[in-house]
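Engineer: First to last, the protein sequences are chains F and R. Count the first sequence with numbering that gives the first Met the number 0 and you get residues 0 to 199, in order. Count the second sequence with numbering that gives the first Met the number 0 and you get residues 0 to 199, in order.
It is worth saying that the hints were derived from the structure and are not from the lab. A hint or two may mislead.
No copy is singled out in the list; a pair is fine if it fits within one copy or between any two copies.
Claimed, not checked - Below, computed lysine-lysine pairings styled on DSS-like, alpha-carbon distance capped at 27 Å: (1) K114 - K155; (2) K33 - K155; (3) K48 - K155; (4) K33 - K48; (5) K173 - K144; (6) K99 - K155.
There are 2 protein chains.
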Amino acid sequence: MEKKIITISREFGSGGRTIGREVANRLGVPFYDKELVDQIALESGFAPKFVEENGEHAPGKSILSYAFANQSIPGVMNGLSTADFLWSIQCSVILQLADKGPCVIVGRNADYILKDRADCLNVFIHADDDFRADRIVRLYGESEKSPMSRLQEKDKRRQVNYQHYTGRTWGHVKNYDLSLSSSKLGIENCVNIIVECCGL
Amino acid sequence: MEKKIITISREFGSGGRTIGREVANRLGVPFYDKELVDQIALESGFAPKFVEENGEHAPGKSILSYAFANQSIPGVMNGLSTADFLWSIQCSVILQLADKGPCVIVGRNADYILKDRADCLNVFIHADDDFRADRIVRLYGESEKSPMSRLQEKDKRRQVNYQHYTGRTWGHVKNYDLSLSSSKLGIENCVNIIVECCGL
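Use the sequences and the hints to build the structure in full.
Structural biologist: Encoded structure:
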């Protein structure tokens, strides 16, 4: 496999995580999603739930740091805001994981964090709103908000976080080697295309 | 072939046209690029060179309409500016060509013009600046402008034209089913991926 690290950025509900997991299975390499959250939590001292909710979200939004920490913060945060501290740990963990060997990393701006590596295949998965709305209701259930509001809110937070920490536009083709519509091409076909591209 | 119409949008110098031609060859369907320009020229009364230079460019920029026309304009332009008149003819020609049957159409905002058809595969081809700069010098020769200026100028005009006539952002993943980096994946592999996706 020439492209050793596959980063998958995705719209909420597009199936990007499912696609990433299947690509990792097919290639026989580690899949970092929940594991990534746990590792960042361990290194930062924040609760996994806090890392999961804030790691890809707008800086300064609902971050009540210590209240959610599952242990005391190791040392000081070097004068950084909680969001910036979390970002610095996230960068460090992702760089370490990529150094370990081939893997699939979902989300967390990994495409940008690993931009200096030539062996990355950066993928973006998106889908029509109807496809995504239907999918999040099936996977995560109903909530008091409409599915469309949930999509918009989550994507907006990812957009703002990406823009803030990378200076790039989330979802612009130039940031990715391969961008696929899972609603148009189908989830299984997206997996096939990514796996083929890894061998290029 | 399930996706009958393939539209290819592309950054200048990315190889999008070459990829489109090869996809058309492989699928045995017509390839509309120069032919599209000729058809628009015929229907509008403008010279092919004028259509080629202005059909994807910013409205109102260096458009001296009649001075370049190769024949008199048939009838009036219905009060439209030259750019808007050219756009209306372009839309009409592209809709007619798509109705004729499977084909590959390069550029001219065809992804947007055909947005109501379910049988389109909309592709965007992009590449690193170095790859593109090298390619345009090899293909089109040197000029008094630097290759980087030529890339920026041409892409900017396509961006502005797309934004003006579609209200969308040129190069945003959501406008395309498939976006590929030809510098990362290679031109031949881009062809293979598109051909495979046409059968989905």
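Engineer: Now tell me if each hint is right for this structure.
Structural biologist: Do the hints match the structure? See the list:
Both within a single protomer and between protomers do K114 and K155 lie at most 27 Å apart by alpha-carbon distance, with minima of 23 Å and 25 Å respectively. In the homo-oligomer, the alpha carbons of K33 and K155 lie at most 27 Å apart inside one protomer (22 Å), although the nearest pairing across protomers, at 41 Å, exceeds that limit. In the homo-oligomer, the alpha carbons of K48 and K155 lie at most 27 Å apart inside one protomer (20 Å), although the nearest pairing across protomers, at 43 Å, exceeds that limit. Taking identical chains as interchangeable, the C-alpha atoms of K33 and K48 lie at most 27 Å apart only when both belong to the same chain, with a minimum of 10 Å there against 56 Å between chains.
Only between protomers do K173 and K144 lie at most 27 Å apart by alpha-carbon distance; the minimum there is 24 Å, versus 33 Å within a single protomer. Taking the shortest alpha-carbon separations for K99 and K155, neither the intra-copy value of 32 Å nor the inter-copy value of 41 Å comes in at or below 27 Å.
Violated hints amount to a single one, hint 6; each of the other numbered hints is respected by the structure.
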